[in-house]
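Colleague: Chains as they are written, first to last, in full-length UniProt numbering: chain A, 1 to 184; chain B, 1 to 149; chain C, 1 to 111; chain D, 1 to 164.
Source of the hints: derived by calculation from the structure; they are not laboratory data. A couple of the hints might just be wrong.
Label-pair ranges, simulated between beta-carbon atoms [said to hold, decoys possible]:
1) A:LYS86 with D:PRO89: 28 to 36 angstroms
2) A:GLY84 with C:GLY99: 21 to 29 angstroms
3) C:ILE61 with A:GLN105: 47 to 55 angstroms
4) D:ARG161 with A:VAL153: 29 to 37 angstroms
5) D:PRO89 with C:PHE4: 20 to 28 angstroms
6) A:GLU128 with C:ASN49: 49 to 57 angstroms
7) A:GLN105 with C:ASN49: 18 to 26 angstroms
8) D:HIS138 with A:LEU62: 30 to 38 angstroms
None of the values given here were measured: they were computed from a predicted structure. Glycine included, each C-beta is placed from N, C-alpha and C at the ideal position.
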Amino acid sequence: MLELYIVLILMIIGAIIAVETKSILSSIVALGKVGLGLTIAFLILKAPDLAIVQLVVEILTLIILIRATLGRDVKYTKENQNWGVKFLSIILIIIFLIFSYNVLQSLPEFGNPILKVADYYIENGMKETGAANLVTSVILDFRAFDTLGEATVLFTAILGALAVLRKNGIKDKDTKENKGVQGD
Amino acid sequence: MINNRDSQGMSVIVKTITRLTIGLILLYGVYILLHGHITPGGGFAGGVIIALSFIHIMLAFGKNVALEKLNQTWSKIFESTGALLFITIAFLGFFGGVFFNNFLDKGEHFELFSAGTILLSNIAIFLKVGAGLFLLFVALVLFKIGGRK
Amino acid sequence: MIYFLCFILFSIGLYSILTKRNLIKIIIGISIVDYAINLFFILVGYRMNGRSPILEKGEEIERIVDPLPQAVVLTSIVIGLAVTALLVAIAIRIYEKYGTFDINEIKELKG
Amino acid sequence: MRSKIVLFIVALVVWLGFTWPPDLSHLLVGILVAIFVAYMTGDMFITRPHHLIHPLRYFWLFVYIPVFIWECFKANLDVVYRVIHPDVPINPGIVKVKTKLKSDTGITFLANSITLTPGTLSVDVDQDNGYLYIHWIHVFNEDVEGATKDIVRRFEYILERIFE
Numbered sequence: 001m002l003e004l005y006i007v008l009i010l011m012i013i014g015a016i017i018a019v020e021t022k023s024i025l026s027s028i029v030a031l032g033k034v035g036l037g038l039t040i041a042f043l044i045l046k047a048p049d050l051a052i053v054q055l056v057v058e059i060l061t062l063i064i065l066i067r068a069t070l071g072r073d074v075k076y077t078k079e080n081q082n083w084g085v086k087f088l089s090i091i092l093i094i095i096f097l098i099f100s101y102n103v104l105q106s107l108p109e110f111g112n113p114i115l116k117v118a119d120y121y122i123e124n125g126m127k128e129t130g131a132a133n134l135v136t137s138v139i140l141d142f143r144a145f146d147t148l149g150e151a152t153v154l155f156t157a158i159l160g161a162l163a164v165l166r167k168n169g170i171k172d173k174d175t176k177e178n179k180g181v182q183g184d
Numbered sequence: 001m002i003n004n005r006d007s008q009g010m011s012v013i014v015k016t017i018t019r020l021t022i023g024l025i026l027l028y029g030v031y032i033l034l035h036g037h038i039t040p041g042g043g044f045a046g047g048v049i050i051a052l053s054f055i056h057i058m059l060a061f062g063k064n065v066a067l068e069k070l071n072q073t074w075s076k077i078f079e080s081t082g083a084l085l086f087i088t089i090a091f092l093g094f095f096g097g098v099f100f101n102n103f104l105d106k107g108e109h110f111e112l113f114s115a116g117t118i119l120l121s122n123i124a125i126f127l128k129v130g131a132g133l134f135l136l137f138v139a140l141v142l143f144k145i146g147g148r149k
Numbered sequence: 001m002i003y004f005l006c007f008i009l010f011s012i013g014l015y016s017i018l019t020k021r022n023l024i025k026i027i028i029g030i031s032i033v034d035y036a037i038n039l040f041f042i043l044v045g046y047r048m049n050g051r052s053p054i055l056e057k058g059e060e061i062e063r064i065v066d067p068l069p070q071a072v073v074l075t076s077i078v079i080g081l082a083v084t085a086l087l088v089a090i091a092i093r094i095y096e097k098y099g100t101f102d103i104n105e106i107k108e109l110k111g
Numbered sequence: 001m002r003s004k005i006v007l008f009i010v011a012l013v014v015w016l017g018f019t020w021p022p023d024l025s026h027l028l029v030g031i032l033v034a035i036f037v038a039y040m041t042g043d044m045f046i047t048r049p050h051h052l053i054h055p056l057r058y059f060w061l062f063v064y065i066p067v068f069i070w071e072c073f074k075a076n077l078d079v080v081y082r083v084i085h086p087d088v089p090i091n092p093g094i095v096k097v098k099t100k101l102k103s104d105t106g107i108t109f110l111a112n113s114i115t116l117t118p119g120t121l122s123v124d125v126d127q128d129n130g131y132l133y134i135h136w137i138h139v140f141n142e143d144v145e146g147a148t149k150d151i152v153r154r155f156e157y158i159l160e161r162i163f164e
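Pulled out of the complex, with its shape left as it was, chain A reads as follows (with noise of 0.2 angstroms):
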């Protein structure tokens, strides 16, 4: 498992770059970075079908946050002056940091996991549903609903961002306001 590790460093650094650049095109990159690195984690992993999404997914986030940044006057951010937020914020990852390893002694040692509902999908998963991609046959069979759950919070942030970007009733608005001062 050492190309785990070195993947998981590999993606800690590029976090670090991407949160600490100044100039938000080299951090948009280091991004695209760390998930490119998720992507091989998941072919370690064993996870094909996450690894072909997360990398289509990567390109598409990498799109629009360039598209987000492009053309405003935002190339270099300023440096945060207040030094308390700062303080604060690293003792209480600190601190979140001391419980979780705490915690996670606790886990069953890695590589042995010991949840047993997956046994009952990796034995009659192929006998009941028919389809040999066993993560397919949880996602619209065992557990269709968690994909009705998706679907339904995947259509709501669409109209969300469709009805924030919209153009036509701020136009009315605008006119209507315009008629409204013409008229006084």
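Starting from the known structure of chain A, arrange chains B, C and D on it as the hints suggest.
Modeller: Okay, now just chains B, C and D, sitting in the frame of chain A:
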């Protein structure tokens, strides 16, 4: 016919490579989608790849060409169709007794037409994800800053 | 140990959310937190020297990686993309209104 | 319309390659998928389908591959020499070259060949006048004719027979 010398979009190199590869990207997306129950992939991955292929056209040729192929109205219709199809499959499960029952014949394993409703559900999820993400990107592109008054 | 590296990744994203002033940096922090949680789920379900949960003809069913976390994370990734897009949309709208991505300046302009 | 038919055939062949060995259900679904792909993006696939029939063009394409690999090899050695040499004798700059090629595909192949060769990198294209702007690791010739002779001639001779 697409005019390569149109001033919109990127340079001629990007346009030519896009012309030659876009059909194969679309084909690969459909392959990933239809073989979701046998090989890695499925509705999510296929939907995102197909949305990316249309976004590719939009980035290379400008927004007019891409919206000619798939405009906003049709994207909205496809997205709603996907949601409706998925919930219809769920309700048709009552033929077998419960919600989301896999009521169709399972077929022979490792064949393209097998696994009952999973293939149909994959197509529904593909319509939902693909059209939704394309619609989101179109909304982000078409939004122009009006400037503060 | 490998779980702890995952938590370090999470805390880097948390630090970005807590201290940065730029809205785009905050969105990047949320994305990093998203990645860390997805990775943690998959790490929990991994079986040492396991096989991917895609069956092939004529192979026995044994030592297969847990498919349940993978199925949950698959939906989570797409939701993460939609949430990022929604946040970007809101950020663009804020930029149109105030002319900046800096949250401190936005506060001053409003107050 | 011809472009759509060409894309249909290409898509069907690629689909059969994906789903080898072929059976009836894969073939039927493949025809439907190829029709869909050709309908959606077929109008932009190829602009001059009648050029696909000439067998001589395929022969020159076959000849082009070893020529390109040989040029690439020579350029690699040149760049390696510049990197290892203790003085690092480089003189980078952007030069303007002229090309006789007119078609989109020809110019694209020329620009990509120049980019793939180490040491040279195509920066911009002016298609109307037939000019390419190239970043060169060591500028031997600053004027248009000399640079064209050094960079473009070695590929243009064959590319003209393939694509024009």
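Colleague: Now tell me, hint by hint, if it's right for this structure.
Modeller: Here is how each hint holds up against the structure:
no., hint, result
1, A:LYS86 with D:PRO89: 28 to 36 angstroms, "violated, 48 angstroms"
2, A:GLY84 with C:GLY99: 21 to 29 angstroms, "holds, 28 angstroms"
3, C:ILE61 with A:GLN105: 47 to 55 angstroms, "violated, 33 angstroms"
4, D:ARG161 with A:VAL153: 29 to 37 angstroms, "violated, 57 angstroms"
5, D:PRO89 with C:PHE4: 20 to 28 angstroms, "violated, 50 angstroms"
6, A:GLU128 with C:ASN49: 49 to 57 angstroms, "violated, 27 angstroms"
7, A:GLN105 with C:ASN49: 18 to 26 angstroms, "holds, 24 angstroms"
8, D:HIS138 with A:LEU62: 30 to 38 angstroms, "holds, 35 angstroms"
In summary, the numbered hints that this structure violates are 1, 3, 4, 5 and 6.
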